[in-house]
Amino acid sequence: MIEIKDVYKSFGTLEVLKGINLTVEKGEVVSVIGGSGSGKSTLLTCINGLEPINSGSILVDGVEVHAKTTDLNKLRRKIGIVFQQFNAFPHLTVLENVTLAPRKVLGMSKPEAEAIAEKQLAHVGLGDKLAVYPGRLSGGQQQRMAIARALAMSPEYVLFDEVTSALDPQLVGEVLDTLKLLADDGMTMICVTHEMTFARDVSDRVAFFHKGIMAEIAPSKEFFNAPQHPETQKFLSNIRS
Amino acid sequence: MFETSMTLSDLMFLAKGAGMTIAVTFFAVTGGTVMGLLFGVIRAQISPWAALPLTFVLDVFRSVPLLIQLVLANAFQAIAGLNLPPFATSCIILALYTSAYCTEIVRGAIDAVPMVTRRAARSLGLSWGQDMTYVVFPMALRVALPSWIGLTLGVLKDSALVLWLGLIELLRSGQILVTRLQEPMFILLVVGLIYFLLSFPIARFGSQLEKRWREND
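Same order as they appear, the protein sequences are chains F and W.
Note that my numbering has the first sequence beginning at 4, numbered continuously upward.
Note that my numbering has the second sequence beginning at -15, numbered continuously upward.
No wet-lab data here; the hints were simulated from the structure.
Be aware that a few hints might be false.
Stated by the list, open to error - Beta-carbon label-pair distances, calculated as ranges:
#1 L22/W x G142/F: 36 to 42 Å
#2 F(-14)/W x G138/F: 50 to 56 Å
#3 N67/W x K113/F: 50 to 56 Å
#4 H197/F x A34/W: 37 to 43 Å
What you are looking at is a predicted structure, and each value in this text was computed from that prediction instead of being measured.
Where is the CB? At the ideal position from N, CA and C, for every residue including glycine.
Next comes chain F alone, as it looks inside the complex:
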C-alpha cells in the first residue's frame, strides 16, 4: 500500500504540491491526469525518493520514504518507475539493460538474471531484440524495454510517468497494450497519463491534479461520466472538443 499524507513540495519558491493525500491499495491501478505543471509527475519522483519533500509523509508498505533511516536503494527495489523520456543505457544491449539491476542490486547470477530478463522482454514483445543496442530500437520499443527493465526487479509497484508522451502517435498503442497487460496481471500501478481512453478503460480510479492540488478522485466510470469539480469538467470538455 502506498500512503501519501498531506505532502507539500516546492522547487525554490514554486510550490508544486500543496497538500496531497492519496492512498493506493495493492492491486489497484490509479491514473493521474491534469494539465502540465499540475505536479503530477513530481508526485511520482517523490514516491520513490528521487525528490525530497518539504512536509507530510509518503509510506510504502508502512516504510516512510523520506525518513533519514530509510535505505532508499532497498526500498526502490519494490517500486519500479518508467519515465517519459527514453532512458535506456545506450552502451548495453537490450538484454544487458534489463539484467543490470537484478545482477548488481539483487545479486543474481548471470543465467538467473537472463532467464528473468528474457521472460520479461518476451512479455513486452521484444523477445527477438535481446542482443540489439537500444539505439537501434524505435521509441515504442525503447519504452517497452524500460518497462521490462523495471519489471525484472519484480517490483510490487510500478509508476508510469507519461510514458507515451514522447512517442509518435502510431507507437502509442503498443506501449498502452503493454500497460494493459500489466494491469490485467494485477500489478499495482500509478499512471500519470494524457491518454484518456486508457485512464477510463484500465484504471480503477482516476485523480485530477490542478495547480498542485488533487482536485478530484473517483472510480474511473464516475470520473468521466459525472465529474464533480468545475476544473475537472473544464479539463475534460477541453479534451473532448
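With the hints as your guide, set chain W onto chain F.
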C-alpha cells in the same frame, strides 16, 4: 645521392632518448589520468562553490606555461631540500599539468550523461557507486576518449620541455646529434618521424575504439 654521417649507434642514441620520452609521458599520463578522474568526479558531483579551491589550483596548472612550472618546481624542490631527481620532478609536474586538463575532460563527459538516465539507474535500486561504475563511466568514456587521446598526444610532445631539467629525451638527443654532426635538417626529420611513430599507434587505437562503439549506436 643523399649522404649522411649518421651511424647506427647515433640512431640507437635517438632511440634511447625516445625511451625517456615514453617513460616521462607514461608516468605523466597515468598519474594525470588517475588524478583527473578523481578531481573530475569531484568537480561534477559537488557544487561549484565547494569545488572552487580545487578549480583554482587546476586553473593555475592550465594557465602557467609548462616550462615555467618545470623550472620553478625544480628550483623549489632544491630549496626545500627534497633532493628529487629531475626525472621525478618532471613526471610529477607533467602529471599535475595533465590532470588539470583531464579533470575538465572527465567533468564534461560526466555532465554529458543525461540526468534522466542516471535517475533511471538510481530508481532501479543501483547505489551511487553502482550508477557511476556501470552507467556513468561507460557512457562518459565514449564522450571523453577523443579529447583524452588528444591530451595524451599533446603531453607526448610537451614532454620535450623536460630537457630544461637536464633530461636527455628525444628532442634533446636530436639537439646533441645536430651539434656533433651538423646535419640539422636530416636529424630533425628523423626525430620528427620518431615522434610520429610514437603518436600514430595511440591515435589509431583511439579511432578504432570509437569506431567499434559507434557501430552500437
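Hint by hint, here is what the structure shows:
1. L22/W x G142/F: 36 to 42 Å: Since L22/W and G142/F have Cβ atoms about 38 Å apart, the given range 36 to 42 Å holds.
2. F(-14)/W x G138/F: 50 to 56 Å: 53 Å, holds
3. N67/W x K113/F: 50 to 56 Å: 53 Å, holds
4. H197/F x A34/W: 37 to 43 Å: 40 Å, holds
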